[in-house]
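Visitor: Build out the structure end to end from the sequences listed, making use of the hints.
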Amino acid sequence: MQLNISMFNLWDLIIQFFLQIVFLIVIFCNLIIRGDIFGVNLLEHAAASLIRVGVGFAIAIITAIPLGLLIGWNKKLSSITHPFIEMVRHIPPIAWIPFSIVFFGLGLFSSAFIVWLGAFFPILLSTASGVKNLGRAQVDVAITLGAKERDLIFKVVFPAILPEIITGMRVGLGVGWMCVIASEMIGLRKPVGLGFFVLEMQYLGRYLEMIAGMIMIGLVGLFLDYGLRFLENRILRWREEVGK
Amino acid sequence: MENEGIVKIEVVNVSKTFTGEYGQKVEALRDVSFKVYEGEFLTVVGPSGCGKTTLLRIIAGLEKPDKGYVKIDGKKVESPVNGLGYIPQDFSLFPWRTVIGNIEFGLEVNGVSRDERKKIVKELIGLVGLEGFENSFPKELSGGMKQKVAIARALAIDPIVLLLDEPFANLDAQTRSYMQRELERIWHEHKKTVIFVTHHIEEAIYLADRIILLSSRPGKVKMELKIDLPRPRIITSPEFVSIRAKLLKEMEEEFVKTFNV
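Protein sequences appear in the order of chains R and E. My numbering numbers the first residue of the first sequence as 207 and each following residue consecutively. My numbering numbers the first residue of the second sequence as 431 and each following residue consecutively.
It is worth saying that the hints were derived from the structure and are not from the lab. Accuracy of the hints is not assured; some may be wrong.
Cut-off 20 Å, straight-line C-alpha distance, at most; resulting in silico cross-link-like pairs (EDC-like, lysine to aspartate or glutamate) [said to hold, decoys possible]:
no.: 1; chain 1: R; residue 1: K338; chain 2: E; residue 2: E451
no.: 2; chain 1: R; residue 1: K338; chain 2: E; residue 2: E493
no.: 3; chain 1: E; residue 1: K569; chain 2: R; residue 2: E446
no.: 4; chain 1: E; residue 1: K650; chain 2: E; residue 2: D461
no.: 5; chain 1: E; residue 1: K656; chain 2: E; residue 2: E440
no.: 6; chain 1: R; residue 1: K338; chain 2: E; residue 2: D520
no.: 7; chain 1: R; residue 1: K361; chain 2: E; residue 2: E538
no.: 8; chain 1: E; residue 1: K494; chain 2: R; residue 2: E355
no.: 9; chain 1: E; residue 1: K621; chain 2: E; residue 2: D503
no.: 10; chain 1: E; residue 1: K497; chain 2: E; residue 2: E440
no.: 11; chain 1: R; residue 1: K354; chain 2: E; residue 2: E508
no.: 12; chain 1: R; residue 1: K354; chain 2: E; residue 2: E538
no.: 13; chain 1: E; residue 1: K569; chain 2: R; residue 2: E438
no.: 14; chain 1: E; residue 1: K650; chain 2: E; residue 2: E684
no.: 15; chain 1: R; residue 1: K281; chain 2: E; residue 2: E451
no.: 16; chain 1: R; residue 1: K354; chain 2: E; residue 2: E493
no.: 17; chain 1: E; residue 1: K569; chain 2: R; residue 2: E447
no.: 18; chain 1: R; residue 1: K281; chain 2: E; residue 2: E493
no.: 19; chain 1: R; residue 1: K282; chain 2: E; residue 2: E451
no.: 20; chain 1: R; residue 1: K354; chain 2: E; residue 2: D588
Guide: Written as structure tokens, this is what we have:
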């Protein structure tokens with residue numbers, strides 16, 4: 207199943223191209239229905255990657271939002287943590303993979319750690335900047351109406367910056383998804399996961415299967431974003447939209 | 431002005447200077463003193479930038495004066511005062527809450543029970559005339575309706591005093607005069623003490639029992655004027671027009687100063 211372009215004939219090229227696409231679709235369906243050469247279904251690979259990304263992303267949400275609120279609220283803390291955050295943020299998550307393998311071995315947590323690194327900073331930064339850009343009026347009114355600090359955080363600041371938080375989550379989930387694929391490629395896990403699958407197919411010279419795996423990576427990413435956008439539209443019904 | 435009844439708010443020698451980001455000093459208020467009496471409608475007028483907003487924020491305890499103090503009901507204001515009806519110019523509604531949710535915010539954070547909240551909110555929605563919009567979000571309301579919600583939200587906690595900071599500044603002329611009438615009506619029904627800040631002289635005369643005119647920066651009390659015209663006032667009546675002319679002249683002086691500096 208190799209691309210054969212020995213004849214420099216345009217017509218031939220076009221036919222080859224469409225033929226390969228047809229093969230690709232057939233192989234993609236076959237991978238989902240019957241599984242790969244080891245008998246593992248493509249959806250099982252996707253599920254394995256999703257679990258890894260899910261754990262890392264959940265931890266990122268739990269850690270980044272409270273910290274973002276704190277940093278946004280407290281100017282001093284913001285200036286103290288700023289250099290540290292910017293330094294760590296600019297180390298690509300992929301560069302952390304060796305470190306992660308040393309520390310967490312080849313289990314779920316080393317992948318989740320890489321995902322966490324990728325998703326944490328977009329959520330943190332958008333949460334913090336959301337707090338910083340918050341209008342004075344809403345907070346003032348809440349205080350004069352008798353809101354305590356806890357009410358301010360949970361009933362004013364948090365809902366007010368929810369749009370920014372969700373934007374951060376969308377970016378973070380995208381980065382996290384890329385991270386999990388990369389981590390599965392570099393530190394080979396137990397033989398499931400889309401990153402593992404794509405790399406393995408390349409080793410075996412099964413290039414159409416490799417591309418089918420890549421398409422699956424893209425599709426899952428698309429559905430993840432649809433999911434978050436659905437959530438966004440449900441939660442942020444109140445938001446005023448400017449664009450059309 | 432002496433002997434108007436019980437003193438509700440006392441502002442004594444309040445001064446405030448802000449330091450900007452690059453160390454430049456801006457003197458907002460200098461030795462501002464006045465009293466507000468129980469049930470009185472006081473408007474504070476002054477050219478833009480004269481520290482009107484700062485004054486309100488100091489009264490509400492949201493800002494500390496450098497000098498002087500504010501007393502509400504004889505108690506010195508040291509920290510943000512709980513239980514004030516503060517209504518800023520704009521963008522103060524909680525856009526993620528419905529009309530009901532906005533109005534009941536103060537009740538909620540003060541631990542009022544759900545049933546009690548429902549009752550109070552229903553009454554207020556009737557008072558400000560927002561029936562049919564109970565479950566709308568602020569984005570679905572016009573500017574005037576938004577400010578009605580802000581007023582209802584402030585009234586919900588049965589505030590010690592209402593502080594309004596140019597609440598109608600962003601409304602068109604018609605809506606503005608309609609809202610002025612509405613506010614007067616609501617004030618009549620509730621008999622709250624009101625401090626209303628504006629740069630709009632007509633609005634001030636229309637609403638006020640008494641007007642305090644602040645000078646341009648730094649804001650000082652330039653003039654106090656009692657308005658005795660019977661309500662509702664007719665803005666085209668000769669008395670109204672003559673008061674307006676007088677205030678306008680004073681205001682003009684200050685305005686010119688602001689722009690000559």
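Visitor: Each hint: holds or not?
Guide: Taking the hints in turn, this is what the structure says about them:
1. K338(R) / E451(E): 16 Å, holds
2. K338(R) / E493(E): With a Cα-Cα distance of about 19 Å, the restraint between K338(R) and E493(E) holds, given a limit of 20 Å.
3. K569(E) / E446(R): 6 Å, holds
4. K650(E) / D461(E): 6 Å, holds
5. K656(E) / E440(E): The hint holds at about 17 Å.
6. K338(R) / D520(E): Holds. K338(R) to D520(E) sits at ~19 Å (cutoff 20 Å).
7. K361(R) / E538(E): Distance of about 10 Å is within 20 Å: holds.
8. K494(E) / E355(R): Holds, at roughly 19 Å.
9. K621(E) / D503(E): 16 Å, holds
10. K497(E) / E440(E): Distance of about 14 Å is within 20 Å: holds.
11. K354(R) / E508(E): Status holds; Cα separation ~16 Å.
12. K354(R) / E538(E): 11 Å, holds
13. K569(E) / E438(R): It holds: about 17 Å lies between the C-alpha atoms, which stays within 20 Å.
14. K650(E) / E684(E): Judged against 20 Å, a Cα distance of about 11 Å means the pair holds.
15. K281(R) / E451(E): Holds: K281(R) and E451(E) sit about 14 Å apart, inside 20 Å.
16. K354(R) / E493(E): At roughly 17 Å apart (the allowed maximum being 20 Å), E493(E) and K354(R) satisfy the hint.
17. K569(E) / E447(R): At roughly 9 Å apart (the allowed maximum being 20 Å), E447(R) and K569(E) satisfy the hint.
18. K281(R) / E493(E): Since the Cα atoms of K281(R) and E493(E) sit roughly 18 Å apart, the hinted pair holds (cutoff 20 Å).
19. K282(R) / E451(E): 16 Å, holds
20. K354(R) / D588(E): Holds: K354(R) and D588(E) sit about 18 Å apart, inside 20 Å.
Hint compliance for this structure: no hint is broken.
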